[in-house]
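Visitor: The listed protein sequences correspond, in order, to chains U and D. Using our numbering, read the first sequence as starting at 1 and increasing by one per residue. Using our numbering, read the second sequence as starting at 205 and increasing by one per residue.
Source of the hints: derived by calculation from the structure; they are not laboratory data. The structure presented is a predicted model; accordingly, all values stated were derived computationally and were not measured. For each residue, glycine too, the CB sits at the ideal point set by N, CA and C. Incorrect hints may have been included.
What the hints assert, rightly or not - Examples of chain U residues lying across from chain D (beta carbon under 7 Å, computed): (1) P77; (2) G78; (3) L82; (4) G92; (5) P93; (6) R161.
What the hints assert, rightly or not - For the chain U half of the interface with chain D, some residues (derived, Cβ under 8 Å), not all of them: (7) A148; (8) I151; (9) M163; (10) H165; (11) G168.
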Amino acid sequence: MLKSPAPISLIQRGTGFVHDLMPITALGGTEARIDAFDHVTIAENDGLALASVAARTGHEKPCHATLKKLLGAVPGPGKAVLHDPEAGFWMGPDQWMIGAPRDTHELLADQLTTLFGETASVTEQSGAWVCFDVTGPAMQDLCERLCAVPIRRMEAGDAQRTMIHQLGCFVIRRQDADHIRILGPRASAGSLHHALITAAHSTA
Amino acid sequence: MIIDHPLLGPRDSAEFTYMGDARLIDRPDPDAETAAQDFYEYGYLRDNPAGWHDELWFHEAGDRSWLVVTRNTLTHEISKVQLARDVARSRGRSK
């Protein structure tokens, strides 16, 4: 039973009460966290909408056609297509992750479900991942301490899944030569951030 | 040990998890008269060959695909690596 006064989580709107909910980032802040060092910057990226697309058996061709229309190309194994506003990378055989700015594509999964129709299964992924953008001259040194991807051999548009701090993460080499994007499990955002900061200190 | 992934190229075996004998792909027909015996054998009985062995490996820290790896249990030499779904489909399985 609700007793007056109303709990502080409720605020009055007109004649009713609504929950006073504050959006928080994966690390729990009200703003995305930025850790800037001289040699490298680790920035939590809170502005990403994500959805996965898995081609259904027998519908691979029309699914590929839709992907090509959306991104300009179908990302092959280990590759990303850094297209604007939607970008995508290969996750596994006939599976891709699509990302877009959250401001304009908050309902990305719904939009993709309509777009792909019966040809693919689409799953909302925005709430499952934390995204960090690592930039700066020591990015490659930091990446080498973090995980086993061959960062110096990777080119812009290469995307690999690997283990970082016991967590399955995606490492995507972006257009700028000193920029990688790391997607990790959102429920372990704090642990991944800890690993990144530790690697940043060890490369200072 | 390096596993030459058919899509991603050579990967360290630490990225993979061993998931058992590749004959697990051949699930018995549950409607067969001998189904009880078939599933008993499928569930519990394995060969333990000293030599070439078809194995299921899961690329857990990679693209999450299942592979059939033909490995020599005496030397760890790997002669063939295939996507498990291709192997299953070639045997008439659709899923």
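Visitor: Does each hint fit the structure? Answer for all of them.
Guide: Tested hints:
1. P77: 4 Å, holds
2. G78: At about 6 Å, which falls below the 7 Å cut-off, the nearest Cβ of chain D leaves the hint on G78 (chain U) intact, so it holds.
3. L82: 19 Å, violated
4. G92: 4 Å, holds
5. P93: 6 Å, holds
6. R161: 5 Å, holds
7. A148: 7 Å, holds
8. I151: This interface hint is violated because 15 Å lies over the 8 Å limit.
9. M163: Constraint on M163 (chain U) satisfied, holds at 4 Å.
10. H165: 12 Å, violated
11. G168: 6 Å, holds
Violated hints, listed in ascending order, are 3, 8, 10; each of the other numbered hints is respected by the structure.
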